[in-house]
Amino acid sequence: METIIEKSLEEVFEEKIANDIRIEPKDWMPEQYRKTLVRQISQHAHSEIVGMLPEGNWITRAPSLKRKAILLSKVQDEAGHGLYLYSAAETLGTTRDQMIADLHSGKAKYSSIFNYPTLSWADIGAIGWLVDGAAIMNQVPLIRTSYGPYARAMVRVCKEESFHQRQGFEIMMTLCNGAPAQKQMAQEAFNRWWWPTLMMFGPKDSESPNTEQSMRWKIKRFTNDELRQRFVDMMVPQAEFLGLTVPDKDLKWNETKNGYDFGDVDWEEFWNVVKGNGPCNKDRLSARVKAHEEGAWVREAALAHAQKRAQREAQA
Amino acid sequence: MSQQKDWPLWEVFIRSKQGLDHKHVGSLHAADAEMAIQNARDVYTRRMEGVSIWVVESKHIHASNPDEAAAFFDPANDKVYRHPTFYEVPAEIKNM
Ligand SMILES: [Fe+2]
Ligand SMILES: [Fe+2]
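Protein sequence lines, in the order shown, are assigned to chains D and Z.
The first sequence begins at 19 in the numbering used here and counts up one residue at a time.
The second sequence begins at 3 in the numbering used here and counts up one residue at a time.
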């Protein structure tokens with residue numbers, strides 16, 4: 019007698035993951051996989067959108083027309099990144115309205131880095147160089163993430179990020195080659211952004227309970243600590259080139275591990291900002307809510323206009 | 003007035019250069035087709051990625067069922083003779 023072995027949906031899914039076959043929107047997937055992705059992708063999208071605020075703050079005060087055009091373009095890219103990601107998240111069954119409501123109610127998080135203020139023009143350099151640099155470190159492995167629409171959005175995002183980092187580095191380089199006061203501005207911005215940037219990789223592996231499952235599902239390809247280490251190893255020589263001092267007294271080259279030893283992140287500060295008590299959390303969220311509410315009439319009018327026109331066309 | 007809050011969802015297809023097919027690049031929300039095309043230009047072609055854009059409201063896309071993919075595509079599975087490599091061509095025969 020012939021027995022037909024029916025593979026369960028879960029086995030089919032696990033097999034695809036094991037063989038690096040992408041999961042696509044209509045494929046069966048475990049509820050928890052779907053939930054994890056909605057949380058991660060929408061949080062990523064929110065970070066791109068909220069991330070426009072600290073930089074947008076300097077568009078009208080950029081030191082030259084060239085810098086202004088570049089910054090405007092970079093901020094516009096971030097809006098695009100947010101939109102690619104929202105649409106990737108929507109393929110999982112959530113809606114744009116729901117995601118935005120969750121951001122505004124504080125239920126959904128965004129990267130804590132954007133809760134720090136941009137005090138001087140040098141902060142715009144530091145953000146491009148460090149924050150976009152860390153974003154690249156986080157995002158490049160996501161090109162191979164197991165969910166198709168997320169991976170494809172990351173391909174586009176990563177293509178655009180490298181200009182972001184380079185324009186930031188160029189701002190820093192210009193300041194570092196300038197007058198002593200400019201060099202000092204650059205150093206102060208570096209001091210402000212170094213540690214918050216290291217926090218962008220998330221909590222220590224030992225305190226990141228979701229990491230293991232996300233690695234098993236190949237949503238994440240490297241742990242938080244692995245990426246943080248790589249970032250430090252990549253950035254220290256760049257800081258040296260600029261003649262900037264890394265604000266970490268424990269930073270030391272370690273020959274045996276072929277990487278830098280570095281000091282411990284202030285995790286109390288990290289959790290504090292995550293919980294909403296960073297220097298700009300309230301400003302950022304209220305700016306988003308205000309923009310959304312004040313734009314409501316435009317969205318409604320556009321919809322009414324489209325409906326009216328469709329009606330008229332149907333009658334004609 | 004309608005209670006719909008989100009603008010409808012549109013799928014975006016872009017021809018990256020003359021002579022190539024339009025290819026799906028993602029989706030976006032817009033009130034109507036005209037706005038969808040303008041938004042698609044701003045979201046998906048900021049660096050000359052396209053010379054032509056198609057938008058289709060997502061609700062009009064019908065898809066094959068991934069759970070039945072094996073059975074659905076089965077008819078092509080056992081027809082190796084549809085490929086040129088199935089045939090043996092003598093070494094003396096050139097340019098075939
Ligand atoms: Fe981005
Ligand atoms: Fe960026």
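Hints may be right or wrong, so weigh each one.
[Unchecked claim] Quick list of in silico lysine to any residue cross-link-like pairs, SDA-like style, CA-CA up to 25 Å:
hint, chain 1, residue 1, chain 2, residue 2
1, D, Lys53, Z, Pro68
2, Z, Lys25, D, Val173
3, D, Lys270, D, Thr241
4, D, Lys53, Z, Ala65
5, D, Lys177, Z, Glu51
6, Z, Lys7, D, Gln325
7, D, Lys275, D, Pro159
8, D, Lys84, Z, Asp8
9, D, Lys125, D, Ser304
10, D, Lys125, D, Leu137
11, Z, Lys61, Z, Asp8
12, Z, Lys7, D, Ser232
13, Z, Lys7, D, Leu303
No wet-lab data here; the hints were simulated from the structure.
Everything numeric in this text was worked out from a predicted model, so none of it was measured.
Going through the hints against the structure:
1. For the hint pairing Lys53 (chain D) with Pro68 (chain Z), the CA-to-CA distance comes to about 20 Å; that is within 25 Å, so the pair holds.
2. Restraint check for Lys25 (chain Z) and Val173 (chain D): the C-alpha separation of about 15 Å stays at or below 25 Å, so the hint holds.
3. Annotation: proposed proximity of Lys270 (chain D) to Thr241 (chain D) holds, straight-line Cα distance about 22 Å (limit 25 Å).
4. Of the supplied pair hints, the one linking Lys53 (chain D) and Ala65 (chain Z) holds, its CA atoms being roughly 24 Å apart against a limit of 25 Å.
5. As the CA atoms of Lys177 (chain D) and Glu51 (chain Z) are separated by approximately 12 Å, the hinted pair is consistent with the 25 Å bound.
6. For a cut-off of 25 Å, the pair hint linking Lys7 (chain Z) to Gln325 (chain D) stands: about 13 Å separates their Cα positions.
7. Distance restraint check for Lys275 (chain D) and Pro159 (chain D): the Cα-Cα separation of roughly 22 Å lies within the 25 Å cut-off, and the hinted pair is therefore satisfied.
8. This hinted pair does not check out: Lys84 (chain D) and Asp8 (chain Z) have alpha carbons roughly 37 Å apart, beyond 25 Å.
9. For the hint pairing Lys125 (chain D) with Ser304 (chain D), the CA-to-CA distance comes to about 14 Å; that is within 25 Å, so the pair holds.
10. Restraint check for Lys125 (chain D) and Leu137 (chain D): not satisfied, since their Cα atoms lie roughly 28 Å apart, outside the 25 Å limit.
11. Using a Cα cut-off of 25 Å, the hinted pair Lys61 (chain Z) and Asp8 (chain Z) holds, with the two alpha carbons roughly 14 Å apart.
12. With a CA separation close to 33 Å, the supplied pair Lys7 (chain Z) and Ser232 (chain D) exceeds the 25 Å bound.
13. Annotation: proposed proximity of Lys7 (chain Z) to Leu303 (chain D) holds, straight-line Cα distance about 21 Å (limit 25 Å).
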